[in-house]
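Peer 1: So the chains spell out like this:
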Amino acid sequence: MFYLVIDILGTIAFAISGVLVAMDKKLDPFGVFIVAFVTAVGGGTLRDLLLGNTPVTWLLQPIYIYTILITVVLSILFRKQLKYLRTSLFLFDTIGIGLYTLAGVEKGLDADLLPVMCIVVGTITACFGGVIRDILCNEIPVIFRKEVYATACIIGASSYFFLIKLPIKPNYIYVVCILIVITVRLLAVKFKIALPTIYPPVESKK
Amino acid sequence: MFYLVIDILGTIAFAISGVLVAMDKKLDPFGVFIVAFVTAVGGGTLRDLLLGNTPVTWLLQPIYIYTILITVVLSILFRKQLKYLRTSLFLFDTIGIGLYTLAGVEKGLDADLLPVMCIVVGTITACFGGVIRDILCNEIPVIFRKEVYATACIIGASSYFFLIKLPIKPNYIYVVCILIVITVRLLAVKFKIALPTIYPPVESKK
Amino acid sequence: MFYLVIDILGTIAFAISGVLVAMDKKLDPFGVFIVAFVTAVGGGTLRDLLLGNTPVTWLLQPIYIYTILITVVLSILFRKQLKYLRTSLFLFDTIGIGLYTLAGVEKGLDADLLPVMCIVVGTITACFGGVIRDILCNEIPVIFRKEVYATACIIGASSYFFLIKLPIKPNYIYVVCILIVITVRLLAVKFKIALPTIYPPVESKK
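Protein chains in written order, with the working numbering: chain A, 1 to 206; chain B, 1 to 206; chain C, 1 to 206.
Just chain A, with the same shape it has in the complex:
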């Protein structure tokens, strides 16, 4: 139940981020829906495929497709209002990655993976919906270029394996780790912290 709520909230958050990118590219309503759908379920689908959890979750639980459909219809209808929320695109994204990271960690644990691989699976779940979204929209994935994005997922997912050793109820640990992901990203954006560039300033001029 707790897991389902996490997943639905993340689905809505990511679908809206997909709608915004797709509308930027002037896609038609069907294209907007597909991009929103892929953004929302892409990371989890890749995770399920890599783990061999098939048929993938959203084929068995129609709630995901209906959730995304309603989100897309509402987003299109209220797209003018959405425009004013554009600056909060990153907020939706941030909540989504927090929720998805921990959902992914849980699936990794279910598959008896090593902690390091659970962290990888959590990060894939959170980040690859956006990667596939950017590929569909013919852009180099934004998370490869700027902002502490995946780093926030990795820190949050890693925290889980430290906190789980303490005498705290698992559900609390989940919430704390989700908040860690969100906090790390918000702080990074607020204080403009980014991964150090590895290119000399002269080269990046050209």
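Some hints here could point you the wrong way.
Claimed, not checked - Just so you have them, the derived chain A footprint on chain C, three or more residues with Cβ under 8 Å:
id, region
1, 32-46
2, 49-61
3, 130-138
Please keep in mind that the hints were generated in silico from the structure rather than gathered at the bench.
The beta-carbon is built from N, C-alpha and C at its ideal position, and this holds for glycine as well.
Since chain A is already given, all that's left is putting chains B and C on it; use the hints.
Peer 2: Chains B and C alone, transformed into the frame defined by chain A:
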């Protein structure tokens, strides 16, 4: 048997559409073959992966790869003649999506999915070969931008679940639904029916 | 054991090729790592997914991710030295495709595929890491456009099925086939042999 014939015809139709796009991008013969191959089997492969039907069909039945190989060789040899058929690119595509949509619906039924998910699986089978083709060729997928394409698949696949309740032989229903997909698309192109734009005219000018 | 060594060497070779392409695109360190990772494991991952070997290899054997991580860190630290090795990018690639082709053929044999399909699986293993790398970096995959690349894999993989009929120890056959792939590519590059163009010279002018 009936299913196999459907699949081979669709394979040829899609492979030619892949050849035409790949030659537009001036790919070498190997690139042309890969794009044709992916266009032809990409939708079905994604469907098989999502459903967990592995090894995927074309790895077990060499008829697909040989069919595509022969189609590509003939298409390259007769590429000048093919050029005059360029306006019929959309006809090949149209037959292909009709055939593939119903092949996908059948696979969804085999996996005991809900009707709504069978429709999704049918649409993925029909449309995602073209999506992967466009991604490989570094384009925003054409079906996200114009024409009633996926819509035709959705209408045809949905018809199946209405017609199946009538006392008609399943094979006839298949043929009727395939024709519905083809008809919807042809009519849409002829009368220039497209999904309504969701962007204000001023914005789309820039 | 022999198989593991092949795989690790190929992983390092491909990861470096990924780092070089990613740094060309000015990705941040995380993006460089992901592109290196995908280049290194992408072909094998696609192979495992198509065959249904899940969870995919690298989720179960952390040695791959650690190998790639160390390779990326060293490549970034010594990136200036790497720059002088840029002309040898194709050498790393070449060794990698030789190693991966045969690793793929072996997996195809394990899955009881027909020889023609083992050759396809070997070629996918070798070539599709680079294809996914180029897609992530928003380029038309280089192997679709120039150089005898996949052709070398196909020739090397096919040789296996000829040589296996001779009374030679399998491990020797592996090494010979890997060397055939490498030799074919090196000769092709040295003598500028490419697949024949299928486009008339006038058209390619525009």
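Peer 1: Give a verdict on every hint.
Peer 2: Now for the hints, and whether the structure bears them out:
1. 32-46: holds (count 4)
2. 49-61: With 7 residues close enough to chain A, the hint holds.
3. 130-138: holds (count 4)
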